[in-house]
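Undergrad: Single-letter residue listing:
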Amino acid sequence: METVLQYFSINPVFYIFATLAVIFALMMVTSENPVYSAIFLVLTFFCLSVIYLTLEAEFVAVIQVLVYTGAIMVLFVFVIMLLNLGRDAQLTEYAGPMKYLSILLGFAILIQIGLATKVTFSIGAKGAYPIERVNEMGNTEAIARELFSQYLYPFEIASILLLLGMIGAIVISKKRPD
Amino acid sequence: MNTMLSAILGVLILFGVIALQGLILVYMERKVSAWMQSRLGPNRVGPWGLLQTAADIVKLLLKENIRNERSDRVIFFLAPILAFVAPFAAFVTVPFAATIGFRDLDMGAFYVFALGSSVVFAVIWAGYGSNNRYALIGAMRSAAQMISYEVPLVTAVLGVFLVAGTLSLREIVQLQSQGLWYVAVQPLGFVLFLVAATAESNRAPFDLPEAESELVAGFHTEYSGMKFAFFYLGEYAEMLVSSCVLVVLFLGGWLIPFANNANVPTWLHLLSFVSKVYLIIFLMMWFRWTFPRLRVDHLMAFGWKVLMPLALVNLLATGLIVYWLKS
Numbered sequence: 001m002e003t004v005l006q007y008f009s010i011n012p013v014f015y016i017f018a019t020l021a022v023i024f025a026l027m028m029v030t031s032e033n034p035v036y037s038a039i040f041l042v043l044t045f046f047c048l049s050v051i052y053l054t055l056e057a058e059f060v061a062v063i064q065v066l067v068y069t070g071a072i073m074v075l076f077v078f079v080i081m082l083l084n085l086g087r088d089a090q091l092t093e094y095a096g097p098m099k100y101l102s103i104l105l106g107f108a109i110l111i112q113i114g115l116a117t118k119v120t121f122s123i124g125a126k127g128a129y130p131i132e133r134v135n136e137m138g139n140t141e142a143i144a145r146e147l148f149s150q151y152l153y154p155f156e157i158a159s160i161l162l163l164l165g166m167i168g169a170i171v172i173s174k175k176r177p178d
Numbered sequence: 001m002n003t004m005l006s007a008i009l010g011v012l013i014l015f016g017v018i019a020l021q022g023l024i025l026v027y028m029e030r031k032v033s034a035w036m037q038s039r040l041g042p043n044r045v046g047p048w049g050l051l052q053t054a055a056d057i058v059k060l061l062l063k064e065n066i067r068n069e070r071s072d073r074v075i076f077f078l079a080p081i082l083a084f085v086a087p088f089a090a091f092v093t094v095p096f097a098a099t100i101g102f103r104d105l106d107m108g109a110f111y112v113f114a115l116g117s118s119v120v121f122a123v124i125w126a127g128y129g130s131n132n133r134y135a136l137i138g139a140m141r142s143a144a145q146m147i148s149y150e151v152p153l154v155t156a157v158l159g160v161f162l163v164a165g166t167l168s169l170r171e172i173v174q175l176q177s178q179g180l181w182y183v184a185v186q187p188l189g190f191v192l193f194l195v196a197a198t199a200e201s202n203r204a205p206f207d208l209p210e211a212e213s214e215l216v217a218g219f220h221t222e223y224s225g226m227k228f229a230f231f232y233l234g235e236y237a238e239m240l241v242s243s244c245v246l247v248v249l250f251l252g253g254w255l256i257p258f259a260n261n262a263n264v265p266t267w268l269h270l271l272s273f274v275s276k277v278y279l280i281i282f283l284m285m286w287f288r289w290t291f292p293r294l295r296v297d298h299l300m301a302f303g304w305k306v307l308m309p310l311a312l313v314n315l316l317a318t319g320l321i322v323y324w325l326k327s
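In order, the protein sequences belong to chains L and W. 1 is the number of the first residue of the first sequence in this note's numbering; add one for each residue after it. 1 is the number of the first residue of the second sequence in this note's numbering; add one for each residue after it.
Looking at chain L on its own, in the form it has when it is part of the complex (with noise of 0.2 Å):
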């Protein structure tokens, strides 16, 4: 108890979110009503932003915000609704032994990543980017560097495999069934 403790004072804005977004993130798999599971999942990406404000990633919160929240939640919201999901339909779907199966996966991604932590990081290393020169250029500075420079081709990859998406809906959307 008095670790917990020890830990909390550290840095308690992390631990009252990070509890905050695991327990949203449960709420979110175990609720019936897929509007409720939207609005945990809502939630949780608050509580996901919060967290990136404290490590000092300003940007990175930002955008997680105007995003994932602002921008694919509110589109996942419209389609429950547009689907009437609401309320009554209530998506139970029978998992059988592959439930047993999506268990045991989940906890050796959880060990893998606990392992890649503990080999391959080590916490408060610094890299090309310490904290003190992102502050000084700024979040958005030091990340636009990377993305357009080191990262470019992955970056126009990403933004074609992009408009490949929104061509395909409008391209889905525009054939009638005649």
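The hints are simulated quantities; they were obtained by calculation from the structure and are not laboratory data. Even for Gly, the Cβ is constructed at its ideal location relative to N, Cα and C. Some hints could be false.
[What the hints assert, rightly or not] Computed from the model, here is a short list of chain L residues facing chain W with C-beta under 10 Å: (1) A25; (2) V29; (3) A61; (4) I63; (5) L82.
Put chain W on the given structure of chain L with help from the hints.
TA: Below, chain W alone, put in the same frame as chain L:
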């Protein structure tokens, strides 16, 4: 702890100021509309009817809080709160004067847009939580409108960021003190932003959510009393935020035109900022009593087929010119 205390104090002051602004804006709206229609407007409660809006608030407070029996209690309760909190929180990064403002974020402008985009949830939740067909359909209509106009809104502003080379609102104002205001550099962006911001805060002629005469209002059909007042206040807060951002991005923020801004006392800067914001708000009210309400399909077509291409052309041209000037 001291910073915590000052932050709480600041939030309380901000809340008071915005609530007061809400009262003033409602009064101003009525007086402006009366003036444009050759009427007198409110003139019974208090001198020149100044206390009319205060009386209205008392009326709203005393009204019965009706909740539909089969409505969703939690969502129904949360929606009006979010509708007010999101635009309220956006004020954190607005620089009111050279030394007044809460915190200058590195990407302040994006922060404002991110919070603006969360208002859509308030609308959707209100419509869903009411368990009323009219409210649900109205919410879908409003959400579609807000999503559609958010895209040209942000795209129109990208030109300013290209010229300024920063996303920080305070720095953008400081850059404008050295040269032309960005309304002269980005006239098309200014017009696009003004139109899109009017639509984004659901003001006439884009006020389909409030078309009670032909569309049974919208997402707030089932709301009454104080909850309705929160939607109302949220709309005015949103209008204030978009006017503040517009003034900061295009009209030089707190700067006083044709004057040396170096040795001016802070209260004059603040006065300049507030008067510019009120000028923009007056413009929005002028829109309301000039243009008839758009039909919903015209509204969507206007957003996607007129505003959006213009914003893209503006962005492309600005990018090319900035690139050409820098190389």
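Undergrad: Does L/I63 hold up as a contact with chain W if the rule is Cβ-Cβ below 10 Å?
TA: holds (7 Å)
Undergrad: Quick one, is the L/V29 hint okay against chain W at 10 Å, beta carbons?
TA: Constraint on L/V29 not satisfied, violated at 18 Å.
Undergrad: Close enough to count: is the Cβ of L/L82 nearer than 10 Å to one in chain W?
TA: holds (8 Å)
Undergrad: Quick check on the hint: L/A61 CB to chain W CB, less than 10 Å?
TA: Since the shortest Cβ distance to chain W is 9 Å, the answer is holds.
Undergrad: Do the numbers back the hint for L/A25, that is, is its least Cβ distance to chain W under 10 Å?
TA: violated (18 Å)
When each numbered hint is compared with the structure, violations occur for hints 1 and 2.
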